[in-house]
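Engineer: Next come the chains, spelled out residue by residue.
2 protein chains.
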Amino acid sequence: MEALENITYDEIKIGDSCTFKKTLTEKELILFAAVSGDVNPIHLDENFASHSMFKERIAHGMWSGSLVSATLATVMPGPGTIYLSQNLDFKRPVKLNDTLTVTLTAKSKDDEKHIVVFDCLVLNQEGKPVVAGEAKVIAPTTKIVVAKPKLPEISIGQAAVGAIA
Amino acid sequence: MEALENITYDEIKIGDSCTFKKTLTEKELILFAAVSGDVNPIHLDENFASHSMFKERIAHGMWSGSLVSATLATVMPGPGTIYLSQNLDFKRPVKLNDTLTVTLTAKSKDDEKHIVVFDCLVLNQEGKPVVAGEAKVIAPTTKIVVAKPKLPEISIGQAAVGAIA
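Order-wise, the sequence lines are chains L and F.
In case it helps, numbering that gives the first Met the number 0 puts the first sequence at residues 0 to 164.
In case it helps, numbering that gives the first Met the number 0 puts the second sequence at residues 0 to 164.
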């Protein structure tokens, strides 16, 4: 059984950092469109995207944002974290098969409210910045070790991938 | 055929607003966990969530953020928009069957770079703020009318919904 263990407020030191990686595939483009409702053709329609300034389909900017939140929620601080705010600057498009690495670095702590501010940097596989920002959270004060939830199988129909209504 | 038509930089007037609605179901919890990698049990594990301060499963905060980006990308300005930055303040948890309404309001325009800043407010079905923030985009200068991409069927296996590895 795989476990998720949080890093409590007291355990986090300023300067501590952690990373989280994920690769963009066609699956992420479709699932993010479905879950957000963002069916902009730049993410879904190869032909439309080929005539855009990007020349090919790109990830939803907020998909990179979702990786930042995944890092806060599952790596540092992890379970028990309360998300207060997030700033995101979108620096560069993300293309199919790009692998993003999120790095969070603790930059300030507020002992009274257990608030931690993290610098958030998302780089692509070439080390180029894709997203930069800052997250503010209330870090958990008690240790939590919990079984990592296992997701059900998700299957995507063949027919309409990139198709147009 | 359903179409997406953008609202160009010149068409957007300061004070213009638009809305976009989406309801949180179990499907959104699972798909957002899958696409982001955020399998924090507060979103997926009924039992864990029932012992948390929220008493039940809640949406990923960034799911509400993804609805803001969906509004920018599909309603105003719509196709051709370049996302520059987003700030999000998370105000309140989102629970199953909550219906969120995103409202974007144009608050400033920069004629030289075609930048538009939008106030972003996400309310739940009780009219209570869930997320507030600000988005900065480059609005498209040319009219785009494009077929709305149709997503393939997405099916989620029964067995492991909310289950633990």
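To be clear, the hints were calculated from the coordinates, so they are not data collected in a lab.
Owing to the predicted nature of the structure, the values given are computational and were not obtained by experimental measurement.
There's no promise every hint is true.
Pairs count within a copy or across copies, as identical chains cannot be separated in the list.
As a list, the in silico DSS-like pairs of lysine-lysine whose alpha-carbon atoms are at most 25 Å apart [as the list claims (entries may be wrong)]:
1. K106 with K147
2. K112 with K149
3. K127 with K108
4. K142 with K127
5. K147 with K112
6. K135 with K54
7. K94 with K147
8. K26 with K112
9. K106 with K90
10. K135 with K90
11. K26 with K149
12. K12 with K149
13. K94 with K135
14. K147 with K54
15. K147 with K135
16. K112 with K90
17. K147 with K127
18. K26 with K12
19. K106 with K149
20. K147 with K26
21. K54 with K127
22. K135 with K108
Engineer: Honestly, which of those hints from before does the structure not fit?
Structural biologist: Of the numbered hints, 1, 2, 3, 4, 5, 8, 12, 17, 18, 19 do not hold.
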